[in-house]
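In case you want the letters, here they are:
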Amino acid sequence: MSSAIDLAVAALVLLGAAFVLIGSWGLVRLPSTMERLHGPTKATTLGLGALLVGSVVFFQGKLGVWTAHELLISVFLFITAPISANMIAKVHLHRMRTGALVEPESIAGEPPAPAPDVDWATFQAPRDGSSASTAGS
Amino acid sequence: MRALLPHPALSALLFLVWLLMANSVTPGGIVLGAVFAIVLPRFTRPFWPDRPRVRFNRALLGYALVVLYDIVVANFDVARLILFRRNRDLRARWLVVPIALDTPEAITVLAATISLTPGTVSSDVSADGRFLLVHALDVADPAAEIARIKARYEARLLRIFA
Numbered sequence: 001m002s003s004a005i006d007l008a009v010a011a012l013v014l015l016g017a018a019f020v021l022i023g024s025w026g027l028v029r030l031p032s033t034m035e036r037l038h039g040p041t042k043a044t045t046l047g048l049g050a051l052l053v054g055s056v057v058f059f060q061g062k063l064g065v066w067t068a069h070e071l072l073i074s075v076f077l078f079i080t081a082p083i084s085a086n087m088i089a090k091v092h093l094h095r096m097r098t099g100a101l102v103e104p105e106s107i108a109g110e111p112p113a114p115a116p117d118v119d120w121a122t123f124q125a126p127r128d129g130s131s132a133s134t135a136g137s
Numbered sequence: 001m002r003a004l005l006p007h008p009a010l011s012a013l014l015f016l017v018w019l020l021m022a023n024s025v026t027p028g029g030i031v032l033g034a035v036f037a038i039v040l041p042r043f044t045r046p047f048w049p050d051r052p053r054v055r056f057n058r059a060l061l062g063y064a065l066v067v068l069y070d071i072v073v074a075n076f077d078v079a080r081l082i083l084f085r086r087n088r089d090l091r092a093r094w095l096v097v098p099i100a101l102d103t104p105e106a107i108t109v110l111a112a113t114i115s116l117t118p119g120t121v122s123s124d125v126s127a128d129g130r131f132l133l134v135h136a137l138d139v140a141d142p143a144a145e146i147a148r149i150k151a152r153y154e155a156r157l158l159r160i161f162a
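Going down the list, the sequences are from chains X and W. So the first sequence is numbered by UniProt numbering: it starts at 1 and just counts up by one. So the second sequence is numbered by UniProt numbering: it starts at 1 and just counts up by one.
If you're looking for bench data, these hints aren't it; they were derived computationally from the structure. Please read these numbers as outputs of a predicted model, since none were measured by experiment. Just so it is clear, CB atoms sit at the ideal spot from N, CA and C, and this is done for glycine as well. Some hints could be false.
Stated by the list, open to error - To give a feel for the contact side, a few chain X residues facing chain W, derived at Cβ under 8 Å:
| id | residue |
| --- | --- |
| 1 | W25 |
| 2 | A43 |
| 3 | F58 |
Said to hold, decoys possible - Listed next, the stretches of chain X that the computed footprint assigns to chain W, with coverage defined by at least 3 CB atoms under 8 Å from CB atoms of chain W:
| id | region |
| --- | --- |
| 4 | 4-12 |
| 5 | 70-78 |
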């Protein structure tokens, strides 16, 4: 029984470490900022998830206690990862528009405008009363 | 009841998170959790001026399962792209996704979901709140990808935030 738990924990930790490594490798090798964002938002999520499940299995199997912190860590990760990716993307868009880009331009180039008379919220204040505005009514 | 708990879902969430943080169910923890569940929604009321109704229905459960499944698939997809695709073969594209959701909360959930799932990162929202700018790492057919996002995530969110 104990060795089965050891095996499961080892497998989960190895899987997690592999995904975190791949995510970080993606951050290094992909060609520009927008592509690089995909490494840490995706591959690292599952990597950390596997490490956390490994931690739950270890504490339950070895020490006989249930821990809930791992669940919270993954919830907070799911909340914060898209927000930081969004902030980095917005800075990148801004620097692309103002010509202050120091890194190579994305393969995708400049983003298209959403509609003829509207721009993205990075460049244009969200319109009052629209769902992009958080001013409330 | 409404006067004591103006935002029942937030109260329940705070109570649950507090017990999970304490990692034990003790009388003291329950009392403190209850205090937070009652006090914090009052203090944060200015942050959710016109909060949308969230329906706790089958669509919500289905959405959670679909997103969790897609996150796992996304990780393998992106890992494969990182390891085996040459940079010059990457078909990175901007996608402009028209959105029918009409509350900031629902759009935020959609944007976060897009960022966590296969090969897409949501980058911006249009100033009128009707389009999302999404960067896709590798798409063959942008129109099909947009349709997939709308059918798989937005249609379910429309049933949850109604």
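Given a cut of 8 Å on the nearest C-beta pair, is the interface hint for X:F58 held or broken against chain W? It is violated, given that the least Cβ distance between X:F58 and chain W is near 15 Å, above 8 Å.
How does the region 4-12 of chain X fare against chain W when you require at least three residues with a CB closer than 8 Å, holds or violated? With 0 residues close enough to chain W, the hint is violated.
With a cut-off of 8 Å between beta carbons, are at least three residues of the region 70-78 of chain X near chain W? holds (count 3)
Interface hint compliance - X:A43 to chain W, C-beta minimum distance less than 8 Å: 5 Å, holds
Classify the hint on X:W25 as holds or violated, based on whether any CB of chain W lies nearer than 8 Å to its CB. 6 Å, holds
Violation of the numbered hints given earlier is confined to hints 3, 4; the remaining hints are satisfied by the structure.
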